[in-house]
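Once you've looked at the hints, dock chain B against the given chain A.
For the protein sequence lines, the chains are A and B, in the order given.
Take the first sequence: its position 283, counting from 1, is numbered 267 in the numbering used here, and each next residue is one higher.
Take the second sequence: its position 149, counting from 1, is numbered 271 in the numbering used here, and each next residue is one higher.
Just so you know, nobody snuck in bad clues.
In silico PhoX-like links for lysine-lysine, alpha-carbon gap of 25 angstroms or less:
(1) A:K268 - A:K251
(2) B:K286 - A:K3
(3) A:K3 - B:K378
(4) A:K208 - A:K251
(5) B:K378 - A:K55
(6) A:K3 - B:K288
(7) A:K3 - A:K55
(8) B:K286 - A:K55
Beyond 12 angstroms from chain B on every Cβ pair, some chain A residues (computed):
(9) V2
(10) P23
(11) N24
(12) G25
(13) G50
(14) Y121
(15) G123
(16) W160
(17) T171
(18) E181
(19) R200
(20) G212
(21) D226
(22) P240
(23) G244
(24) H291
Keep in mind that the hints were calculated from the coordinates and are not lab data.
Idealized CB from N, CA, C, for every residue including glycine.
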Amino acid sequence: MNSAPIIAEQLARHFGEVKAVDGINLTVNQGEIFGFLGPNGAGKSTAVRMLTTLLRPTSGTARVAGFDVVKQADEVRRNIGVALQDSAIDPLMTGFELLELQAVLYGIPSNKMKQRAEDLLERVGLTAAADRRVSTYSGGMRRRLDLALSLIHAPVVLFLDEPTTGLDPMSRLTLWEEVRRLNREGTTVMLTTQYLEEADQLADRIAIIDHGRIVREGKPSDLKRTVGDPTLLINVSRQHSDAAKAVLARFGDMRPTAEGTLGVGLKGGAERVAEVVRALDEAKIVVEHLELNQPSLDDVFAEATGHRLEGADNAPQAG
Amino acid sequence: MSTTRSVGILATRSVRTIQRLPSAFFPALAMPIFNMVVFAGTFFAVTKIPNFPTDRSINWYMPLGIMMGSAFGGVGLGFTTIRDIQTGFYDRLRMAPTSRISLILGPLVGTLVRIALMTTLVIVIGIALGVRFTGGVLGVLCLYVSALGIATMGAGWGLGLAFKFKDMRGAAIMQLSIFLVMFLSSAQVPLDVMSGWLHAVARVNPATNILRLARVGLVNEANADHLSWNSVWGGVVAIVVMCALSLVFALRNLRKLSN
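With the rest of the complex left out, here is chain A:
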């Protein structure tokens, strides 16, 4: 029997006619950081809610930490830590009070509770703010507290649902470092994100989900390799758009891009950029902007789904 900490088989969740998650198969191995990548509404959070016992699947099965998410929900809960999207924290409580609440609900003995809470507060750098109400915390502090709360019972599997959405670059880096540290200590991490860079930086393996279906799965480096050629992106004026498209098509397959930009998978790579520029010049096309991008997860996503990952360009850059 497969002993992987997360296994989903044909897992589906429908809301009426809407197939939020449409029969996904997933295996996350022991000690991995697994990235679940997709745009808003792709089905990431719904899948996580099923895996964390918050939502019953319409069909299919899932086992987390060796337990069935429907039939053994309490056992699953005992073994997982979850930091959900929009850190759900009572603003009237202090950081320490929230940790105390979480500790009691997870059955941590009273004599160990205080020490555990203090250790976690120190770990996430919130010792000084422990007795302040959460309403006074910044977004980054809330996320770190959320992480500490999810670790109170030393879970074997940690779910992080878009943990850095809305955070500034410094806070993102701090959180990434903490996730890596937890993973080094043996915690299996499943991370959902809409940020390509986050998945690229953190995940050992990723799955790309779109319209409720997993469209690609593998190591980021392997997936990028499958896309092959780098993407040449150009911006031209609107009246030159069709002519430019015809020129670019001679150098490779056109790729989906943001509106107003043309992209081609440049066969032969960077060496042919000069050739493209000459061809555009001969066609009297004025190029406003040109850049060559090595294959990225966004290219993998575009190649798999036919469209770019919404909001990917807006992700705050970290390092």
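Frame of chain A; chain B shown alone:
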């Protein structure tokens, strides 16, 4: 043991909001006092009705103020739970491996503490304004049992609706249903003064029996509704049955939250 600790910590969270957000607790204290004073002052002549159970209007309306405050205080738990559901905080509670019953009982105990505080304050003010407990300590006890009982009913009902609707649609039903239950009962006048459909509805309304229990220690000693087993048992049964039904309603809908 684990369930008891969970109930305790969730109750503590609920009670703590009195100190952290007193502006939210103040209306729950003010309304019963306001109702008692306004009803007793406006309808003071109600005691002139032949065979009216008491000769002091404040003796009649203080329990009503407390019961309305308790019922609304109870369903208020539904309001705060809707907020917790919408902010996602309730997901945190649901993901914990604690018993589902503790997720109901914890906030309920916190609510009952608030109701007990409110009841005590209203009684103290009521006594200062002329309330006379004809039933002594047992009469006071019956008033507390009624207040806590109707608050539990309201809380179960409010929680069940919160889990069912997960948004403010549930809140509208909570308020309307409490108004209907309270005012289609012997809230304003005794049952035998009513007639027609109102009498028929009030007679089967469990709130009538619970109000009767609340008032057993405040009506005249000679009245049939004065403290005795006969005047008490109907209210006790109504509280037990209605509390059980409302808490089962809450628990069933909590379990259905994952559906």
